Amino acid sequence: GNSVTQMEGPVTLSEEAFLTINCTYTATGYPSLFWYVQYPGEGLQLLLKATKADDKGSNKGFEATYRKETTSFHLEKGSVQVSDSAVYFCALSDRYSSASKIIFGSGTRLSIRP
Amino acid sequence: GAGVSQTPSNKVTEKGKYVELRCDPISGHTALYWYRQSLGQGPEFLIYFQGTGAADDSGLPNDRFFAVRPEGSVSTLKIQRTERGDSAVYLCASTRQDAPEKLFFGSGTQLSVL
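Just so you know, the protein sequences line up as chains S and Y, in that order.
At position 45 of the first sequence (counting the first as 1) the number is 46 in my numbering, and the numbers step up by one without a gap.
At position 42 of the second sequence (counting the first as 1) the number is 76 in my numbering, and the numbers step up by one without a gap.
No wet-lab data here; the hints were simulated from the structure.
Mixed in with the good hints there might be a few duds.
Below are the EDC-like pairs computed for lysine to aspartate or glutamate, each with C-alpha atoms no more than 20 Å apart in a straight line [to be verified]: (1) S:K78 - S:D56; (2) S:K61 - S:E43; (3) S:K102 - Y:E78; (4) Y:K136 - Y:D90; (5) Y:K136 - S:E70; (6) Y:K136 - S:E17.
If the Cβ cut is set under 7 Å, some of the chain S residues that face chain Y in the computed set are [to be verified]: (7) Y31; (8) S33; (9) Y40; (10) G44; (11) L47; (12) K102; (13) G106; (14) S107.
Just so we're clear, the structure is a prediction, and the values are computed from it rather than from any experiment.
Backbone N, C-alpha and C fix where the C-beta goes; we use that ideal spot for every residue, glycine too.
Here chain S stands alone, though its shape is the one from the complex:
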């Protein structure tokens, strides 16, 4: 079945460092891919998405590119801030235009030092 694997945390970086959180997926067909974020004391929320190969999702300075050839959707940010400290979840669904089962990875905790 469909699944998502992401790098284990925790990841600790200094402010203004470059961030990469790796995510790879296994899926039949052509899934849509997402990154969700959970800030301390808050619920999960959608950060960005990509619905087809070579699409780039972006939001709040974060980017991720849908790479079909490597089945990856790595999350990147050029200069992290303390406020980016959170748990990040990679996810996929097997449809875009209508509701469907959305599968999450195990999450990567990110801590940014001032």
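Using the hints provided, position chain Y relative to the given structure of chain S.
Here is chain Y on its own, set in the frame of chain S:
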């Protein structure tokens, strides 16, 4: 406006008891999801509803788990003969029909089975 509301926020029960967890989605949201999240893990899909019907219940772990959404709004997750392994945070999420990938999560119900 009001977000997804889950009650109770905490539930402590004894092994073998029956529990009901309630989810009030955002008004007008058509799809409703239930997930289970254990400490340090990502949300594990249980079931989702499109309107009143369960569109995909493949994540329910066994027949002790059941969920309903009789009027296409509020949903109840029911767990019979609870076991210690059922202890987790149970998350509910809902989505709009025109943005099916954007899950709006509630704060969850922390279930503890003693």
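Against the structure, the hints come out as follows:
1. Using a Cα cut-off of 20 Å, the hinted pair K78 of chain S and D56 of chain S holds, with the two alpha carbons roughly 17 Å apart.
2. Straight-line distance between C-alpha atoms of K61 of chain S and E43 of chain S comes to about 17 Å, which keeps the hinted pair within the 20 Å bound.
3. Annotation: proposed proximity of K102 of chain S to E78 of chain Y holds, straight-line Cα distance about 11 Å (limit 20 Å).
4. The suggested pairing of K136 of chain Y with D90 of chain Y holds, with an alpha-carbon distance near 18 Å, which does not exceed 20 Å.
5. The suggested pairing of K136 of chain Y with E70 of chain S is violated, with an alpha-carbon distance near 26 Å, which exceeds 20 Å.
6. Distance check on the hinted pair: K136 of chain Y and E17 of chain S sit about 29 Å apart at the alpha-carbon level, beyond 20 Å; violated.
7. The beta carbon of Y31 of chain S comes no nearer than 14 Å to any beta carbon in chain Y, farther than 7 Å, and the hint placing it at the interface is violated.
8. For S33 of chain S, the interface hint holds, since its Cβ comes within 7 Å of a Cβ in chain Y; the closest pair sits about 6 Å apart.
9. Contact between Y40 of chain S and chain Y, as hinted, is not supported at the beta carbon level, the nearest pair being about 12 Å apart and thus beyond 7 Å.
10. Annotation: G44 of chain S was flagged as interfacial toward chain Y, and the flag holds, the nearest CB pair being 4 Å apart, inside 7 Å.
11. The criterion of a C-beta within 7 Å of any C-beta in chain Y is met by L47 of chain S, whose closest approach is roughly 5 Å, and the hint holds.
12. Here the hint on K102 of chain S is kept, as its CB sits about 5 Å from the closest CB of chain Y, short of 7 Å.
13. Interface restraint check for G106 of chain S: the shortest CB-CB distance to chain Y comes to about 5 Å, inside 7 Å, so the restraint holds.
14. Using the Cβ-Cβ criterion of 7 Å, the hint placing S107 of chain S at the interface with chain Y is satisfied: the shortest such distance is roughly 5 Å.
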